[in-house]
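Novice: Residues per chain are reported as follows:
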Amino acid sequence: MIFDWGFAFSILPAFGQALVVTMQATLAGMALALVLGLVWAIARRSRNRLVAFCAGFLVEFIRSTPLLVQLYFLFYVLPLWGPRITPLETGILALGLHYSAYTAEVYRAGINGVARGQWEAALALNLGRAVTWRTVILPQAVVPILPALGNYLVALFKETPLLSAITLLELLHTAKLIGADTFRYLEPLSLVGALFLILSLMASTLTRKLEKACDRFRHG
Amino acid sequence: MVDYLPAMLSGLKVTVLLTLGAMAVAFVAAFAAGMARLSRRAPVRGLALVYIELFRGTSALVQLFWVYFALPLVGIRFDAVTAGILVLGLNTGAYGAEVVRGALSAIPREQYQAAWALNLSPAQALWRVILPQAVIAMVPPAGNLAIELLKNTALVSLITLGDLTFQAQTLRAATLESGPVFALLLGIYFLLAQTMRFGFRRLENRLAHGQDYGGVR
Amino acid sequence: MTVSATDNKPALIRISRAGKFYGAHKVIDGMNLDIFPSEKVALIGPSGSGKSTLLRLLMTLEKLDEGEIEIDGVSMWTESMAGRKVPAGPAHLKAIRSHIGMVFQSFNLFPHMTALKNITLAPVTVLGMGKEEARQRAVELLGEVGLGHKQNAYPGQLSGGEKQRVAIARALALRPRILLFDEITSALDPETVGEVLEVLRRLAQRQDITMLLVTHQMHFAREVADRVVFMEHGKIIEDAAPGQIFGSPKQERTREFLKSVLQY
Ligand SMILES: Nc1ncnc2c1ncn2[C@@H]1O[C@H](COP(=O)(O)OP(=O)(O)OP(=O)(O)O)[C@@H](O)[C@H]1O
Ligand SMILES: [Mg+2]
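Chains as they are written, first to last, in this note's numbering: chain U, 41 to 260; chain X, 5 to 221; chain P, 360 to 623.
In case anyone wonders, no lab produced these hints; they're calculated from the structure. For glycine and all other residues, C-beta sits at the position ideal for the given N, C-alpha and C. Hints should not be assumed to be uniformly reliable.
[What the hints assert, rightly or not] Lysine to aspartate or glutamate pairs mimicking DMTMM-like chemistry, simulated, CA-CA at most 25 angstroms apart: (1) P:K476 x U:D221; (2) P:K368 x P:E427; (3) P:K476 x U:E129; (4) P:K490 x U:E145; (5) P:K422 x U:E160; (6) U:K249 x X:E102; (7) P:K509 x P:D548; (8) U:K249 x X:D83; (9) P:K453 x U:D255; (10) P:K490 x P:E427; (11) P:K609 x P:D388; (12) U:K249 x X:E57; (13) U:K252 x X:D83; (14) P:K453 x P:D567; (15) U:K216 x X:E102; (16) P:K509 x P:E499; (17) P:K444 x P:E499; (18) P:K385 x U:E160.
[Said to hold, decoys possible] Here are the in silico distance ranges between beta carbons for each label pair: (19) X:R210 x U:V79: 44 to 54 angstroms; (20) P:Q610 x U:R256: 29 to 39 angstroms; (21) U:L67 x X:G50: 50 to 60 angstroms; (22) P:P446 x X:D7: 40 to 50 angstroms; (23) X:A212 x P:S607: 25 to 35 angstroms; (24) U:A253 x P:G553: 18 to 28 angstroms; (25) X:S43 x P:E550: 45 to 55 angstroms; (26) P:G426 x U:V117: 19 to 29 angstroms; (27) U:R156 x P:R612: 29 to 39 angstroms; (28) X:L53 x U:L52: 37 to 47 angstroms; (29) U:L241 x X:V78: 32 to 42 angstroms; (30) U:K252 x P:A512: 56 to 66 angstroms; (31) X:P76 x U:A48: 38 to 48 angstroms; (32) U:R174 x P:A441: 53 to 63 angstroms.
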């Protein structure tokens, strides 16, 4: 049995809806990761030692445990506490939480990259902590780390197939269902692989462009 | 819960076995592909690039499913453990190749020239001069990759391999104690990861003693 | 040793028995210094003697370990709450800082803001000044430092001397009574030093500003300062009028130091 192109084309449309779901999970998950990661990064610099320690531990814990297990935890345990959320929402939450541990590290590097003199000038101008963060530190911290954040967006996108484990009809789950129906796994699974390859290669190219643009911004 | 201890222990064994096996595969693949990327021969470079982009561009779970469910249909069959070790190892190796390539190309040109001037063969230069210096820079990112690998082993539970996550799922279905079971599972992975981090730090410290290029910097 | 206690005005800055440690290293050591309104004080001394640390203490960039600093009679690091002395809180420090501005050796302009925005940021967010008023004032200040035409330039597009003049305008925008200058010409190319010193010279004429400046340029200290403080190892060795310090210093150490720096 070899690859059947006719069959492959016939099942292609079935992936349309799945691609939409995958994109929703990716973008919403990344948005959550960007916000939460910033919270952890700022909390880690808190003057309150306990807050700083807890944020550091949380980041380390999330980073050293599997996304799949975190996904199961949220999927099976959250409903016991009350909130009724859909698999898509659970997936977004898990992806966002998991990748917030990575974006937190990226933000941290960006924040550490801002020269000490900038904090000192802000203090000498009596700017206050909130204004200093918002207008002086973060604008300078974020531009150099945009490429790194872009890489994590791609990484997060590639982890969306895990959401098939909590019944979400994304690309991989759709392929599995087609395989179970037709007893042909080769074509649907290869199609999904090819889709991921094409999209991540495109995204990586964009990220590299972004990197160049950021370099220009910093040095020119 | 005590009744389920044997099941969890056998799951732990599978997870550790998978991690170590895949680490070995990744180690070989990373060095082979990383050095091939710096080869003078274009086909060698191209082949390495295809391998790296293929595995980094697609998802580990899709790769696993493809090897386990699709490949048998063209006559290539692996048991679940082999498929797991192979896919996870090659996947991690593709990321590792970039680490190897980066570390090798960060060694100053003068070091190659100095080895050349001493009439060392290319293999000798690589083995005695370049690699010992480059390895130090590889250890910290390799540690991170190893932890990513450990986390990725949980994926094999989806091809019905009885690793930690799989056993925990079985346990949850049997006891319906979702909270405690998964909290315990997260805790075990955390401890495993911390152990690995500790090991890689030790390695890093051991390798990092007194390295200097013996020139002005 | 103190010279300027001649008039009866109370001190604007009073430093008493001040001490500052970095680890076990005492970089400010039992220092006493009074500075009076509108005085222009030059701080000189060998590298590592604690000059920058003293300015940083005054700017609250560093915390004082011993002794006391008072600004206009108000203690910097303690405040009284319900009749008791407690460590100063953020609001108290903010109030203290509102009297003080600082210009840094490395400019520390905000690179992602235009010259104008660098200057208006603090008046708008700290003093609550209206945007248009702040803008007009910033334009005025830029004119005063000779950069009226560079309003919309980013720091990356300015020369070192221009950056430092923007930094001075930025510090002036908050109308501080005390201005601290830490070697503000040492990071500059020789040809741009003059334009910055010119701005300082004009500032030195103003009666409403008290200046404390660290400098390695003795001729400049002699020209603009009305008092020169020589320090070493965190202590004040000599404190006198420029004519005296540069003409006939009383202390042997001062003489040696001046001899070594004036050689070049
Ligand atoms: N953050 C710090 N940590 C530890 N030691 C410090 C720190 N800042 C300054 N020091 C030390 O404190 C001493 C005084 O430093 P300071 O910068 O005040 O000297 P300075 O008189 O301004 O010297 P220079 O003329 O070189 O600028 C020096 O010995 C310096 O090494
Ligand atoms: Mg100094």
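Novice: Each of the hints needs a verdict: does it hold here or not?
Specialist: Status of the hints after comparison with the structure:
1. P:K476 x U:D221: Violated, at roughly 64 angstroms.
2. P:K368 x P:E427: holds (20 angstroms)
3. P:K476 x U:E129: violated (42 angstroms)
4. P:K490 x U:E145: Violated: P:K490 and U:E145 sit about 36 angstroms apart, past 25 angstroms.
5. P:K422 x U:E160: holds (13 angstroms)
6. U:K249 x X:E102: Holds: U:K249 and X:E102 sit about 19 angstroms apart, inside 25 angstroms.
7. P:K509 x P:D548: holds (19 angstroms)
8. U:K249 x X:D83: violated (42 angstroms)
9. P:K453 x U:D255: violated (37 angstroms)
10. P:K490 x P:E427: With a Cα-Cα distance of about 38 angstroms, the restraint between P:K490 and P:E427 is violated, given a limit of 25 angstroms.
11. P:K609 x P:D388: holds (21 angstroms)
12. U:K249 x X:E57: holds (18 angstroms)
13. U:K252 x X:D83: violated (45 angstroms)
14. P:K453 x P:D567: Cα-Cα ~21 angstroms, so holds.
15. U:K216 x X:E102: With Cα atoms ~32 angstroms apart, U:K216 and X:E102 exceed 25 angstroms; violated.
16. P:K509 x P:E499: Status holds; Cα separation ~12 angstroms.
17. P:K444 x P:E499: Not satisfied, since the Cα-Cα distance of roughly 42 angstroms exceeds 25 angstroms.
18. P:K385 x U:E160: holds (22 angstroms)
19. X:R210 x U:V79: 44 to 54 angstroms: violated (37 angstroms)
20. P:Q610 x U:R256: 29 to 39 angstroms: violated (55 angstroms)
21. U:L67 x X:G50: 50 to 60 angstroms: Check failed, 34 angstroms falls outside 50 to 60 angstroms.
22. P:P446 x X:D7: 40 to 50 angstroms: At roughly 58 angstroms between Cβ atoms, X:D7 and P:P446 fall outside 40 to 50 angstroms, so the hint is violated.
23. X:A212 x P:S607: 25 to 35 angstroms: Since the Cβ atoms of X:A212 and P:S607 sit about 57 angstroms apart, the hinted range of 25 to 35 angstroms is violated.
24. U:A253 x P:G553: 18 to 28 angstroms: violated (38 angstroms)
25. X:S43 x P:E550: 45 to 55 angstroms: holds (52 angstroms)
26. P:G426 x U:V117: 19 to 29 angstroms: violated (57 angstroms)
27. U:R156 x P:R612: 29 to 39 angstroms: Roughly 32 angstroms apart at Cβ, these two residues keep to the hinted range, so it holds.
28. X:L53 x U:L52: 37 to 47 angstroms: violated (28 angstroms)
29. U:L241 x X:V78: 32 to 42 angstroms: Taking Cβ atoms as reference, U:L241 and X:V78 lie about 25 angstroms apart, which means the hint is violated.
30. U:K252 x P:A512: 56 to 66 angstroms: With Cβ atoms ~25 angstroms apart, the hint is violated.
31. X:P76 x U:A48: 38 to 48 angstroms: Distance hint for X:P76, U:A48 is violated at roughly 18 angstroms.
32. U:R174 x P:A441: 53 to 63 angstroms: violated (34 angstroms)
Going through the hint list in order, the structure does not satisfy hints 1, 3, 4, 8, 9, 10, 13, 15, 17, 19, 20, 21, 22, 23, 24, 26, 28, 29, 30, 31, 32.
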